[in-house]
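Undergrad: Using the sequences and the hints, build the whole thing.
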Amino acid sequence: MKEQLRQNTIGHDATVLLSSSHQMLKHFWIIAMLLTLALLFVESASAASLTLTFSSDASGISLGGSGTSAATINFASVHAYGGAVPAGVTKSVGATNWTLSAPIDVLVTKAGLGTSVNYTMTAQLQSSGLTYTWKLGSATLTSAFPAMVTAAGVYGSKTAYTFSLTIPFSAAAGTVNNTLDILVTAN
Amino acid sequence: MKLKLVAGLTILGLATLVSSPVFAATTASGTVAVTATVASSVSLTFVSDPAGITLGGTGTSAATVAFGNVQAFGGVVPANVTKTVAAANWTLSTPFDVVVAVANQVSPTYTLTAQLAIADAVDTWKVGASTITSAAAATVTAAGAYGSTSYTLALTIPFAKAAGAITNTINFVATAN
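Note that the protein sequences, when read in sequence, are chains A and B. Under the numbering used here, think of the first position of the first sequence as 1, with each following residue one higher. Under the numbering used here, think of the first position of the second sequence as 1, with each following residue one higher.
Worth double-checking, as some hints may not be accurate.
Sample of chain B residues facing chain A (criterion: CB under 8 Å; computed from the structure) [to be verified]: (1) 25; (2) 27; (3) 29; (4) 30; (5) 33; (6) 37; (7) 38; (8) 39; (9) 41; (10) 71; (11) 105; (12) 154.
Please keep in mind that the hints were generated in silico from the structure rather than gathered at the bench. The C-beta atom is built at its ideal place from N, Cα and C for all residues, glycine as well.
TA: And the structure:
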């Protein structure tokens, strides 16, 4: 074998590959196996997916876009003292601020993720909401970074999270607009 | 050469494996858009003053003052009610607290007015220094400080008035300045 290799050496020191048929075959199968595994993972991973939808909670405010991944909450015109709030909204007045709160339902379903037992959900404000305090469940939301709402969300069943907006008495009257970006990740 | 080829193909296979989506987190996203129109507002409540008569509905915007059975000469008055008898009339007076708060508006003070719901041409009603009638709202204060302020309610009854029940309501309005 070594003698055969030397005889096939070309002048510029390139060596013509003339390994034995046994070694060639072994290397071929190793490579083929690796490539096959890779292709199998690609094929199975392309079927994995999550869906996230929001819907009106029976005790909460009626969501716009209920049943979709793009919901809206419209509190309309509200006052700390007096006035009315939409059905399903709770108003709490404190010493220096007041809070509007309402539950919303979150539904996350999975496909092709048999090994995932739960999900992580984060929420982040699109715009800075420094004047007000925004919360989803127990997580206080900002625009700086995603806040963890849950690290062990349950698939396949609606989970109610209370959204709350706290308005200081010192905040000027006017329109409040912001959007919560919600991200769920399979664990 | 052979080893390099094998190594290279192995690395290619592993790279394909590692870059496959199974190693990327599976996610889904959504949005919840929130809107509200915050309007300014003022709160007005009445609270029993420590030195005054016990209000019914204390802490609310609908309080009651019940003097009970009273008489110019003799008899008793409720706790913390002062009876003053003059030459031609007598007066019952007691302090009560007015609590005013403002939200979502820059306002240094408030104006407080009071007006009788029912005309009373016989008795004299006063809140603080202001005589209250049903004809028009009287200004109790034009620069009230937010928070709790004590005002004295005084009801003056002429000796000439016939005995009987006295019932009336004072309508207060607090306006942010």
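Undergrad: Against this structure, judge whether each hint is valid.
TA: Each hint tested on the structure:
| no. | hint | result |
| --- | --- | --- |
| 1 | 25 | 5 Å, holds |
| 2 | 27 | 5 Å, holds |
| 3 | 29 | 5 Å, holds |
| 4 | 30 | 3 Å, holds |
| 5 | 33 | 5 Å, holds |
| 6 | 37 | 4 Å, holds |
| 7 | 38 | 5 Å, holds |
| 8 | 39 | 5 Å, holds |
| 9 | 41 | 4 Å, holds |
| 10 | 71 | 41 Å, violated |
| 11 | 105 | 6 Å, holds |
| 12 | 154 | 29 Å, violated |
Hints 10, 12 from the earlier list are contradicted by this structure; the remaining hints agree with it.
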